[in-house]
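Taking the hints as your guide, dock the two standalone chains into a single complex.
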Amino acid sequence: GENVEQHPSTLSVQEGDSAVIKCTYSDSASNYFPWYKQELGKRPQLIIDIRSNVGEKKDQRIAVTLNKTAKHFSLHITETQPEDSAVYFCAAPQMDSSYKLIFGSGTRLLVRP
Amino acid sequence: SQTIHQWPATLVQPVGSPLSLECTVEGTSNPNLYWYRQAAGRGLQLLFYSVGIGQISSEVPQNLSASRPQDRQFILSSKKLLLSDSGFYLCAWSVQRTSGAYNEQFFGPGTRLTVL
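Sequences listed follow chains Z and B, in order.
Under my numbering, the first residue of the first sequence carries the number 43, and numbering increases by one thereafter.
Under my numbering, the first residue of the second sequence carries the number 21, and numbering increases by one thereafter.
Here chain B stands alone, though its shape is the one from the complex (with noise of 0.2 Å):
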């Protein structure tokens, strides 16, 4: 079965410090990724998504990136955080799409984040 992975679980940032959330997938190939960010009490805000290795799509214009170096490695970073970076980080996968039909949504257990 397929499993995914995030960490660390909890991280507590200075702002201006630097950022590396890792996520892995294992039980699978090829799927699509995505990092979403849910401030308190918010909904989900989707800010990458991958369909490949070295492929990413970003959402919304930020001081963040994303990096898949490796088929089921998704990693989300910053160079200098931000008060407003502070929030639950969710990494998500699924299969890829085949004919036009979409696949199931799974999401990792998070990190949370807070930059003081």
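Chain Z extracted, bound-state conformation (with noise of 0.2 Å):
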């Protein structure tokens, strides 16, 4: 089955700088790449999330790129603010029937004011 793995487990960075956080996946056959923000006691909200097809998709100050030959997609997140803060967690589907997508074990992001 799917096994992803997510590093760094915990990021601290002064506001206005970049973050960058990094998952590897080992079944090849992966298609969807989601990126969940889980602030304190709330929900996982998907953030932005690719698709096998594409090596890089942007949204505001949040991008992901991916690398299948590597089997690696990284968020990446700039001129951070102190909002930013937050768990993260990337995912990969299992692909096969079950519909379950595989968690990393997460990022805590510190942006220091």
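What the hints contain is simulated information worked out from the structure, not anything from laboratory work.
Fair warning: there could be bad hints in the mix.
Distance condition first, Cα-Cα at most 30 Å in a straight line; then the derived DSS-like pairs of lysine-lysine [unchecked claim]:
hint, chain 1, residue 1, chain 2, residue 2
1, B, 99, Z, 84
2, Z, 84, B, 100
3, Z, 110, Z, 100
4, Z, 113, Z, 99
5, Z, 84, Z, 64
6, Z, 64, Z, 99
Pasting the structure below:
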């Protein structure tokens, strides 16, 4: 089955700097890679996703890149703000009939004002 | 638009008591439904998922069970709670996958369960 590894587990940056979170996956057939943001005490919210037919996708200050050959994808946040502080999860689908998403272990991002 | 509801929002239960958490989805038909648990400060653990009425797949053998009595209703139950059942329980839904394409998964607001 699919296995997703996420790094780093914690990340502290100065406001205005960039943050990068990386994930690797094991199943080369995986074709969808979402990123979720979870603020303290709240539900995970889908913030951006990418499908395997593109290499990069941007939405304002966030972007996701995908390297299918290396089987890794990354979340990039530019011009970080204190409200970006949260736990971020990456995921990849289990490519069988189960319709499951396999989640990474999460990255706690702290943006220092 | 689609909406997902969970209740109750918070729950404090004694060890050995029963549990029933409910999740309903509005604005879509035949969704895939999921139950996750998140221990404090930890990641997302998939407990159950369902691709249709009465179809439940279990991910983790434990004292929890799930049922889907109606198309857009998903229930998580336990006959006797353990201390280790404490956590944040999240229901999620997605559109049925077609032609190999995966669809986005959306989470409900969650139920925070404390077992004492």
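Original post:
Out of the numbered hints, which ones does the structure contradict?
Top reply: Hint check: nothing fails, all pass.
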